[in-house]
Amino acid sequence: MSSALLLLVIANCFMTLAWYGHLKFLPHDAPLWQAILFSWVIALFEYSLMIPATRLLAQHGWAVGQMKITQEVVTLLVFVPFMIFLFKQPFKLDYLWAALCLCGCVYFVFRTP
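Residue numbering for the sequence shown follows our numbering, beginning at 45 and increasing consecutively.
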């Protein structure tokens, strides 16, 4: 299962780059079609990792809701450093509070009824 979670983390790195990388690496006056193509090429790698990750998690008995909430936590954990180091934006305490709220989500989707 740890390999599935590692795939999930790497996939989220590609996803974050696909969604926001064009803002950093393409000229701001680049045509929209170039930004879309840039993002889709990167997203291909994300899908190549995300699909095996979700299949492995399903084989380990994870419910789809558990996978989605876990993916959201991983997304936040990947996005915050991406935002700080690549875009040079400051960390705000609100990100910590958001992470704590997501921890609550994780608790509820993984607890037994």
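Think of the hints as simulated: they come from the structure by calculation, not from any bench.
Check before you lean on any hint, since a few could be wrong.
To be verified - Okay, derived cross-link-like pairs now, SDA-like style, lysine to any residue, Cα gap no bigger than 25 Å in a straight line:
{"hint": "1", "residue 1": "Lys132", "residue 2": "Ser47"}
{"hint": "2", "residue 1": "Lys68", "residue 2": "Cys57"}
{"hint": "3", "residue 1": "Lys112", "residue 2": "Tyr91"}
{"hint": "4", "residue 1": "Lys136", "residue 2": "Gly148"}
{"hint": "5", "residue 1": "Lys68", "residue 2": "Cys145"}
{"hint": "6", "residue 1": "Lys112", "residue 2": "Ser92"}
{"hint": "7", "residue 1": "Lys132", "residue 2": "Ser92"}
{"hint": "8", "residue 1": "Lys68", "residue 2": "Val118"}
{"hint": "9", "residue 1": "Lys112", "residue 2": "Glu90"}
{"hint": "10", "residue 1": "Lys112", "residue 2": "Leu146"}
{"hint": "11", "residue 1": "Lys112", "residue 2": "Lys132"}
{"hint": "12", "residue 1": "Lys68", "residue 2": "Tyr139"}
{"hint": "13", "residue 1": "Lys132", "residue 2": "Gly148"}
{"hint": "14", "residue 1": "Lys112", "residue 2": "Leu70"}
{"hint": "15", "residue 1": "Lys132", "residue 2": "Tyr151"}
{"hint": "16", "residue 1": "Lys112", "residue 2": "Val122"}
{"hint": "17", "residue 1": "Lys136", "residue 2": "Thr156"}
{"hint": "18", "residue 1": "Lys112", "residue 2": "Met127"}
{"hint": "19", "residue 1": "Lys68", "residue 2": "Glu90"}
{"hint": "20", "residue 1": "Lys68", "residue 2": "Ser46"}
{"hint": "21", "residue 1": "Lys112", "residue 2": "Phe89"}
{"hint": "22", "residue 1": "Lys68", "residue 2": "Ile54"}
{"hint": "23", "residue 1": "Lys112", "residue 2": "Leu88"}
{"hint": "24", "residue 1": "Lys68", "residue 2": "Val53"}
{"hint": "25", "residue 1": "Lys136", "residue 2": "Tyr91"}
Now for the hints, and whether the structure bears them out:
1. Proximity of Lys132 to Ser47 is assessed by CA-CA distance (about 31 Å); at most 25 Å being required, the pair is judged violated.
2. With a C-alpha separation of about 15 Å, the suggested pair Lys68 and Cys57 falls inside the 25 Å cut-off, and the hint holds.
3. Restraint check for Lys112 and Tyr91: satisfied, since their Cα atoms lie roughly 15 Å apart, inside the 25 Å limit.
4. Under the criterion of a C-alpha separation no larger than 25 Å, the hint pairing Lys136 with Gly148 is consistent with the structure, at around 20 Å.
5. Of the supplied pair hints, the one linking Lys68 and Cys145 is violated, its CA atoms being roughly 29 Å apart against a limit of 25 Å.
6. At most 25 Å may separate the alpha-carbon atoms for a hinted pair to count; Lys112 and Ser92 meet this at roughly 17 Å.
7. Taking the CA atoms of Lys132 and Ser92, the gap is near 29 Å; set against the 25 Å cutoff, the hint is violated.
8. Annotation: proposed proximity of Lys68 to Val118 holds, straight-line Cα distance about 22 Å (limit 25 Å).
9. Simply put, Lys112 and Glu90 have alpha-carbon atoms about 15 Å apart, close enough for the 25 Å limit, and the pair holds.
10. Simply put, Lys112 and Leu146 have alpha-carbon atoms about 11 Å apart, close enough for the 25 Å limit, and the pair holds.
11. About 28 Å separates the Cα atoms of Lys112 and Lys132, which puts this hinted pair outside 25 Å; it is violated.
12. Proposed proximity of Lys68 and Tyr139 is supported: the alpha carbons are some 22 Å apart, at most 25 Å.
13. Of the pairs offered as hints, the one joining Lys132 and Gly148 is violated, with about 29 Å between alpha carbons and a cut-off of 25 Å exceeded.
14. At most 25 Å may separate the alpha-carbon atoms for a hinted pair to count; Lys112 and Leu70 exceed this at roughly 30 Å.
15. Using a Cα cut-off of 25 Å, the hinted pair Lys132 and Tyr151 is violated, with the two alpha carbons roughly 32 Å apart.
16. In summary, the hint linking Lys112 to Val122 is supported, as the alpha carbons are separated by about 15 Å, within the 25 Å threshold.
17. Between the alpha carbons of Lys136 and Thr156 the distance comes to roughly 34 Å, so the proposed pair goes past 25 Å and is violated.
18. Note on Lys112 and Met127: the hinted pairing holds, with a Cα-Cα distance of about 22 Å set against a maximum of 25 Å.
19. Restraint check for Lys68 and Glu90: satisfied, since their Cα atoms lie roughly 19 Å apart, inside the 25 Å limit.
20. The suggested pairing of Lys68 with Ser46 is violated, with an alpha-carbon distance near 32 Å, which exceeds 25 Å.
21. With a CA separation close to 19 Å, the supplied pair Lys112 and Phe89 stays within the 25 Å bound.
22. Our distance criterion of 25 Å between C-alpha atoms is met by Lys68 and Ile54, whose separation comes to about 20 Å.
23. Annotation: proposed proximity of Lys112 to Leu88 holds, straight-line Cα distance about 19 Å (limit 25 Å).
24. Restraint check: the Cα-Cα separation between Lys68 and Val53 comes to about 21 Å, which is no more than 25 Å; the hinted pair holds.
25. Proposed proximity of Lys136 and Tyr91 is contradicted: the alpha carbons are some 30 Å apart, above 25 Å.
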